[in-house]
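Asks: Place chain B on chain A using the hints.
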Amino acid sequence: EPEVTQTPSHQVTQMGQEVILRCVPISNHLYFYWYRQILGQKVEFLVSFYNNEISEKSEIFDDQFSVERPDGSNFTLKIRSTKLEDSAMYFCASSAENPRGQPQHFGDGTRLSIL
Amino acid sequence: SQQGEEDPQALSIQEGENATMNCSYKTSINNLQWYRQNSGRGLVHLILIRSNEREKHSGRLRVTLDTSKKSSSLLITASRAADTASYFCATDAGAGGTSYGKLTFGQGTILTVHP
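Chains as they are written, first to last, in my numbering: chain A, 1 to 115; chain B, 1 to 115.
If we strip away everything but chain A, and leave its shape as in the complex, we get (with noise of 0.2 Å):
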């Protein structure tokens, strides 16, 4: 079965350092997020891009945060100057279709730790 691929699995970072989280999204689907998760809290909503352009982000997806699809299979979330409350479990996802009434298939991940 088709499954969405995060690398790296764990990245630690200096603090003020820029990171980039890779993803490769199932192939045929149109949808993409990123959630995060702080230890012992609940995962969060980041940001959903379509058709090459950011559809929704949150309050949390400031300035520091981007989000690209370079070439048309990786979707990456860059930090640009990360800080120690950056520190979380990074989940992409992806979508097929219209994404009101699909489910999101989740990576397994990448565990970001800044020191």
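Hints listed in this document are in silico derivations from the structure and should not be mistaken for laboratory results. Any given hint might turn out to be false.
Unchecked claim - In the BS3-like style, the derived pairs of lysine-lysine whose C-alpha atoms are separated by at most 30 Å in a straight line are:
id, chain 1, residue 1, chain 2, residue 2
1, B, K70, A, K57
2, A, K42, A, K83
3, B, K56, A, K42
4, B, K26, A, K57
5, B, K69, A, K57
6, B, K56, B, K70
7, B, K70, A, K78
8, A, K57, A, K42
9, B, K26, B, K70
10, B, K69, A, K42
11, A, K57, A, K83
12, B, K56, B, K69
13, B, K56, B, K26
14, B, K26, B, K69
15, A, K42, A, K78
16, A, K78, A, K57
17, B, K70, A, K42
Said to hold, decoys possible - Output of the computed footprint for chain A on chain B, the stretches with three or more beta carbons under 8 Å from beta carbons of chain A:
id, stretch
18, 19 to 33
19, 44 to 51
Glycine included, every Cβ here is placed at the ideal spot set by N, Cα and C.
Replies: What follows is chain B alone, placed relative to chain A:
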């Protein structure tokens, strides 16, 4: 309470017993979804129920939705040790064509099934 609150927070049962988890939410929804998360892994979609549906079945899973009470329940029948995981409800509150699949997750229920 916040959107998508599950109870109980933790549930411990014996193999073969049924497990029931509840979810409450505050806003009107387009659909409600249930996901499972095994430790250290991503979220796996279980079942989606739309706002105009009252009950849905998938294998050993039964989901109900009461939009008047803004609540849902997930029943797992004849539980197995492999069902041990965290279970989350997630609401898609999109309406009027403005949602692109943003999911709001609850805190989750940790289910432990003892062999």
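Asks: What's the verdict on K57 of chain A and K42 of chain A, does the C-alpha distance respect the 30 Å limit or exceed it?
Replies: Holds - the C-alpha atoms of K42 of chain A and K57 of chain A are around 17 Å apart, at most 30 Å.
Asks: Does the alpha-carbon distance linking K70 of chain B and K42 of chain A stay inside the 30 Å limit?
Replies: holds, 19 Å
Asks: Quickly compare the C-alpha distance for K56 of chain B and K69 of chain B to 30 Å and report which way the hint goes.
Replies: Distance ~17 Å between K56 of chain B and K69 of chain B Cα, so the pair holds.
Asks: Does the structure keep K70 of chain B and K78 of chain A at a Cα separation of 30 Å or less?
Replies: Violated. K70 of chain B to K78 of chain A sits at ~36 Å, over the 30 Å cutoff.
Asks: With the threshold set at 30 Å, check whether the alpha-carbon distance from K78 of chain A to K57 of chain A stays at or below it.
Replies: holds, 14 Å
Asks: If you draw a straight line from the CA of K69 of chain B to the CA of K57 of chain A, is it 30 Å or shorter?
Replies: holds, 29 Å
Asks: Given the hint that K56 of chain B pairs with K70 of chain B, test it: the Cα-Cα distance must not exceed 30 Å.
Replies: holds, 16 Å
Asks: Need the status of pair K57 of chain A, K83 of chain A: alpha-carbon distance at most 30 Å?
Replies: With Cα atoms ~19 Å apart, K57 of chain A and K83 of chain A stay inside 30 Å; holds.
Asks: Could you grab the alpha-carbon distance between K26 of chain B and K69 of chain B and see if it respects the 30 Å cut-off?
Replies: Given that 30 Å is the threshold and the Cα spacing comes to 9 Å, the pair holds.
Asks: Given the hinted pair K42 of chain A and K78 of chain A, is their alpha-carbon gap at most 30 Å?
Replies: Satisfied, since the Cα-Cα distance of roughly 21 Å is no more than 30 Å.
Asks: Given the hinted pair K42 of chain A and K83 of chain A, is their alpha-carbon gap at most 30 Å?
Replies: Given pair K42 of chain A, K83 of chain A holds - Cα atoms ~19 Å apart, limit 30 Å.
Asks: Establish whether the coverage given for the stretch 19 to 33 of chain B by chain A is satisfied; the threshold is a Cβ-Cβ distance below 8 Å, and no fewer than three residues must meet it.
Replies: holds (count 3)
Hint violations for this structure: number 7 only, all remaining hints satisfied.
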